Amino acid sequence: MTTVSIPDVMRILPELILAGFAILVMLFEPFVPAGRKRVLGWIALLGVLVAGMAFTWAPPNAGMAFSGSIAADGFSYFFIFLFLTIAALALLGSINYLERDNIHHAEYYALILFSTVGMCFMAASAELIMIFLGLEISSLSTYVLAGFRRHDPRSNESAMKYFLLGSFATAFFLYGIAFVYGLTGTTNLVDLAADLAQPGKWSTLTRAALILMFVGLAFKVSTVPFQIWTPDVYQGAPAPVTAFLSTGPKAAAFAVLVRIFLGLAGPSGPAAFWVIWISAALTMTVGNFAALLQKNVKRMLAYSAIAHAGYVLVGLAAAMASGSTEGASAVLFYLAAYAFMNVGAFLLIAHLAGPGEGRTEISDFTGLGRAAPGAAACLTVFMLSLSGIPSTAGFFAKFYVFRASVHAGLIGLTIIAVLNSVVSVYYYLNLVVTMYMREGEPQAARTPMPLPLYSAIAASLFAIFYLGLYPNHFLLLSTLSSKPLP
Amino acid sequence: MESGYLTILIYIGAVVFLSAAILGMSAWVGVKRPTREKLSPYECGIQPVGDARERFSISFYLVGMLFILFDVEAVFLYPWAVVYKELKWFGFTEMLLYILILLAGYVYIWKKGALDWSR
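Just so you know, the protein sequences line up as chains A and B, in that order. All residue numbers in the first sequence are consecutive under the working numbering, ending with 486. All residue numbers in the second sequence are consecutive under the working numbering, ending with 119.
Keep in mind that the hints were calculated from the coordinates and are not lab data. Incorrect hints may have been included.
Some, not all, of what chain A presents toward chain B, calculated at C-beta under 10 angstroms [claimed, not checked]:
1) I6
2) M10
3) A19
4) M26
5) L27
6) E29
7) P30
8) F31
9) V286
The model shown is predicted, which means the values in this text are computed figures rather than measured ones. Note that CB positions come from ideal geometry on N, CA and C, so glycine has one too.
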């Protein structure tokens, strides 16, 4: 008879604390009068902080928990901390947004927490079924969040599309798991790696299973040709939700991709590697060239999110080709750096777009440099970082990915990636040029930034410059975190 | 291995053939004398009143969904009841937590007015 031991519980303590706080927020929501919902936002934030502190106060010893279904290692800690940070930033940026747009229901905060729990489980599990459960917990919450502006048809469209395509994608993933189980009799990644390491275990069916799982996750990280939903969903969803969506669940799906593909596909030969290679090249190119044509800021950043997924895939391809930790650590570094700049950019746009998010066209930002110099300067930094200008986090993120890819001998892919990042500078700077160098009255809101949003933006800016000026500490952290991977 | 799948294939063929044969024969050979009564939809023997395609209160949908939710979650209590003695206090506390979480959901929907039929 297996029972739960204390070390087992300690290894999922952050998830338990988050889930507990989410239930508390949900339970209090009907009792808190309409004007005072922001209290619950602070409670949710407190939950994130307590979950983060639980790690530091009671450092869990690395190891497997719950009969090998949870892997508590540096890799999962890295991602859990990343998700907690993203959740905290998104919560800070949402409180005033929800009040401004009259959609202040505390379920929002609970859903952010639940989604974070799911993401943590995705990154921390070494069991395909557990990964699937995490994926579902995180996805179901985000489907609701995408439609949170209930009276806005675009938001409804966004939620509907995300729900239908997301469920479709999870079906692919589940089908892949079913294949794997049918072929090997196990869904545990460690057992699976041992099983597949035996000679003659790889067959067409095994590769098909791997590809099916890749397709399921590729939907979630929006790589070409599974990116069709991304622009509509990111544009229609409330901007703080987009900030969360485009970083959290994406990083979680990448964590799973890295765990599965580095763990299993090693002995699979070139087939899986070429899938990643082609996918990376296509994703970067399509994302960047489509972003060039966009007139809407949120839509442009959605295509930019697709392009960034391509760069991360370059890192994954490098990790698969070389087998060293350099590629994996570049992926981790990239995901963290990308999270800060994208969350910051979307939260700022949520504020500038004004009530009802009426002004998200690029032309609405004309002359913002004079009208709101502070906000314009922050947005400029986010854009520069996204395009990868030195001294920002985006530069070193790209630098490490490209370096890993050159060291792995992927010269062709690196050339495509570098050319793409040159193309991307055009549309990021286009927004900056519009803000500073075009004459006109800005349509974007000029109300001062509320304090919670201000602190979220300041934290993102700090992280961007910290990673951009002193990347060594964080690179060491991401290298150590990718050590447990094979 | 292959022969096992062949059996299934033959079985599928037999199923398709049989159902097609039965339906086809009854359509071809059967005598049809339709009357107004026979063509009207069957409503448990009561005289049909009006069209079924009308607007229902959203509460039907809501209560139906909540019923399914709590019903499905109550199903988890049965396997626990079977191994109750072996699991002892561990199983008891696990289930207590589970029911408390369910209770939180119940309080939530109650306070939200989802169960209030007159709204």
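A quick look at each hint next to the structure:
1. Interface restraint check for I6/A: the shortest CB-CB distance to chain B comes to about 13 angstroms, outside 10 angstroms, so the restraint is violated.
2. The beta carbon of M10/A is not positioned within 10 angstroms of any beta carbon in chain B (closest approach about 17 angstroms), and the interface hint is therefore violated.
3. Taking 10 angstroms as the C-beta cut-off, the interface hint given for A19/A holds, the closest approach to chain B being about 9 angstroms.
4. Contact between M26/A and chain B, as hinted, is supported at the beta carbon level, the nearest pair being about 6 angstroms apart and thus within 10 angstroms.
5. Interface hint at L27/A: satisfied, since its Cβ lies 5 angstroms from the closest Cβ of chain B, which is below the 10 angstroms cut-off.
6. Interface hint at E29/A: satisfied, since its Cβ lies 7 angstroms from the closest Cβ of chain B, which is below the 10 angstroms cut-off.
7. The criterion of a C-beta within 10 angstroms of any C-beta in chain B is met by P30/A, whose closest approach is roughly 3 angstroms, and the hint holds.
8. With a least beta-carbon distance of about 7 angstroms to chain B, the hint placing F31/A at the interface is held under the 10 angstroms criterion.
9. This hint is violated: V286/A has a C-beta 39 angstroms from the nearest C-beta of chain B, more than the 10 angstroms allowed.
The structure fails hints 1, 2, 9 (numbered hints given earlier, in ascending order).
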